[in-house]
Amino acid sequence: MGDVITCDKFLSLRAAGERLRGAQSLREIADSAKVLHETVRQSCDTALGVIEGAIAAATARTLFLKHTNARTARAMESGDLERLVAERDAILEALNRDCRGCNGYSPFEPESGCEDRKPD
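If you read the sequence shown in the working numbering, its first letter stands for residue 1, the second for the next number, and so on.
Mixed in with the good hints there might be a few duds.
[Said to hold, decoys possible] Derived CB-CB ranges, DEER-like:
id : residue 1 : residue 2 : range
1  : Asp8      : Val40     : 42 to 52 Å
2  : Val4      : His37     : 42 to 52 Å
3  : Leu63     : Val85     : 18 to 28 Å
4  : Arg27     : Thr62     : 47 to 57 Å
5  : Gly53     : Arg74     : 50 to 60 Å
The set of hints was computed from the structure by calculation and includes no laboratory data. The C-beta atom is built at its ideal place from N, Cα and C for all residues, glycine as well.
Work the whole structure out from these sequences, hints included.
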């Protein structure tokens, strides 16, 4: 009769088991929440990096266009056709370079990256 337990003991063990399962479920929920939080944080970090890159590219493009517009205006004011053609060629060269794999190169910053491809 050593295997026989009282009803109170049985109910107590059953309640303890249910609490244990409940605690395990709460731990699983907490673990899932941690994974979700980390995933969202990583996604936000990635999105922030993309946004910062886009802002930097837009800023570089704005500076390039501002610089190019000023040079073109000076060339037009001079009235020198050869200077205008040279300016056009420089703009086309800057925009048509394929230095995407080069460290630090931005197609909108002619002075960046690719030492061997910079205009003279």
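Verification of the supplied hints:
The given range of 42 to 52 Å is respected by Asp8 and Val40, whose C-beta atoms sit roughly 47 Å from each other. Take Val4 and His37: their Cβ atoms lie about 49 Å apart, and the range 42 to 52 Å holds. For Leu63 and Val85, the Cβ-Cβ distance of about 24 Å falls inside the hinted range of 18 to 28 Å, so the restraint holds. Take Arg27 and Thr62: their Cβ atoms lie about 52 Å apart, and the range 47 to 57 Å holds.
For the pair Gly53 and Arg74, the supplied restraint of 50 to 60 Å is violated, since their beta-carbon distance comes to about 32 Å.
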